[in-house]
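Quick note on numbering: the sequence shown equals residues 2 to 342 in this note's numbering.
Hint data in this document are derived by calculation from the structure and do not stem from the laboratory.
A couple of the hints might just be wrong.
[Unchecked claim] List of simulated lysine-lysine pairs, PhoX-like, C-alpha gap at most 20 Å:
no., residue 1, residue 2
1, 29, 231
2, 231, 310
3, 29, 92
4, 237, 305
5, 208, 192
6, 242, 166
7, 237, 310
8, 237, 170
9, 170, 92
10, 92, 166
11, 242, 165
12, 231, 242
13, 170, 231
14, 242, 170
15, 305, 231
16, 242, 310
17, 92, 165
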Amino acid sequence: MHDKLANTMEFPPETPQPNIYPLRWETKSSKVEEIWDASLREAWNPKDLPWDTFDASSYSWEEREAIAYWWTLLSVFDASAPPVFAEAFIKTYEDHEEDAIRRCFFSVTRDEQNHEQMCGLVITKMLESASPLEYEPKTELGRRLQKNARWLYYNGGRYWNGYKKAVPKYSLAVLFSSFLMGEIAAATIFKQMSQSCEELVFTEAFKNIGRDEGRHMAICLSLMERDYPKLSREEKSIITKQIRAGYLFLSAVLFEPPAEFWDLPEDFIATQREAEAIAREAGFGIPTYEDKRENWRNAMLNLKAVLDKYDTPFPAIPEVDITGEEVTQADLDSADIIPIF
2 MHDKLANTME FPPETPQPNI YPLRWETKSS KVEEIWDASL REAWNPKDLP
52 WDTFDASSYS WEEREAIAYW WTLLSVFDAS APPVFAEAFI KTYEDHEEDA
102 IRRCFFSVTR DEQNHEQMCG LVITKMLESA SPLEYEPKTE LGRRLQKNAR
152 WLYYNGGRYW NGYKKAVPKY SLAVLFSSFL MGEIAAATIF KQMSQSCEEL
202 VFTEAFKNIG RDEGRHMAIC LSLMERDYPK LSREEKSIIT KQIRAGYLFL
252 SAVLFEPPAE FWDLPEDFIA TQREAEAIAR EAGFGIPTYE DKRENWRNAM
302 LNLKAVLDKY DTPFPAIPEV DITGEEVTQA DLDSADIIPI F
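Can you build the whole structure from these sequences, using the hints too?
Right, here's the structure in full:
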């Protein structure tokens with residue numbers, strides 16, 4: 002048994018860091034306080050959406066499997082977002098961030114849990130199963146889509162392991178670029194989906210999710226405005242690589258998964274395109290290939306405009322005709338890259 006320090010000194014020694022203690026409650030930015038307040042006003046519950054207008058049986062089984070597949074694809078990103086931001090939330094405490102910033106990251110974690118719940122509600126109603134990997138496919142397309150889903154989750158698991166190892170290595174300032182990229186990309190797709198879906202419950206969900214992502218973008222932008230003028234050259238170089246890796250990773254949901262980054266079977270893209278066409282015909286407004294490419298390009302240009310303000314090099318993204326600093330596959334060491342979820 003150790004001797005009690007309290008018996009040997011008047012005050013305790015300093016707490017070794019990183020640690021969540023000692024706590025202090027200071028907020029320097031009124032902007033992040035306003036974002037926190039907005040998160041409370043705009044809170045929503047996926048269960049309260051107009052589900053009484055939704056009838057899964059009005060769709061054919063092929064349509065149900067195609068639409069559920071899109072939500073399964075989304076779940077690789079949105080269903081992993083709560084633990085991703087929970088890790089970042091903990092880091093805000095360990096880094097002794099401002100009180101309102103800690104609360105804002107808590108709000109993001111909560112919002113992303115709503116988005117995960119939305120994925121689950123649609124998938125379970127469409128497939129009449131708790132898991133897209135466990136249900137018995139009803140069509141030949143459904144069997145191929147389930148194989149796709151298995152490979153998507155496999156890849157997601159690989160990058161989650163990388164994320165857990167990478168987060169402790171980097172400052173929050175570096176993390177913000179990854180998070181901002183994810184939020185810009187998400188806002189792009191959810192706005193379009195809210196305008197193109199015919200099903201009321203989907204339209205309302207995408208409006209709410211898009212509004213959440215807009216708040217998350219505002220958090221990242223506020224923190225970048227505070228921290229980016231102080232970035233070192235080494236941190237800027239890391240961010241450049243992170244953006245390239247983020248483009249490749251998020252392309253799976255916003256464009257199409259690049260073969261050099263995703264470990265997928267050869268028939269993956271063809272099967273996904275077939276399902277998207279069926280979902281579109283059923284009134285579920287997945288953007289076309291051309292629209293995806295244009296939306297993704299515009300999202301990247303918006304992100305580039307932010308980084309240009311802080312003299313942070315933007316990577317070349319030839320897939321959408323954006324020039325910049327070359328980042329090769331060899332530069333993207335999975336042990337050092339933070340996948341954006």
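Results for each hint:
1. 29 x 231: Holds - the C-alpha atoms of residue 231 and residue 29 are around 17 Å apart, at most 20 Å.
2. 231 x 310: holds (13 Å)
3. 29 x 92: holds (19 Å)
4. 237 x 305: Status holds; Cα separation ~13 Å.
5. 208 x 192: holds (7 Å)
6. 242 x 166: Roughly 17 Å separates the two Cα atoms, so the pair holds.
7. 237 x 310: holds (12 Å)
8. 237 x 170: holds (15 Å)
9. 170 x 92: Status holds; Cα separation ~11 Å.
10. 92 x 166: holds (13 Å)
11. 242 x 165: Satisfied, since the Cα-Cα distance of roughly 18 Å is no more than 20 Å.
12. 231 x 242: holds (19 Å)
13. 170 x 231: holds (18 Å)
14. 242 x 170: Roughly 15 Å separates the two Cα atoms, so the pair holds.
15. 305 x 231: holds (18 Å)
16. 242 x 310: Roughly 18 Å separates the two Cα atoms, so the pair holds.
17. 92 x 165: Holds, at roughly 12 Å.
The structure is consistent with each of the numbered hints, conforming to all of them.
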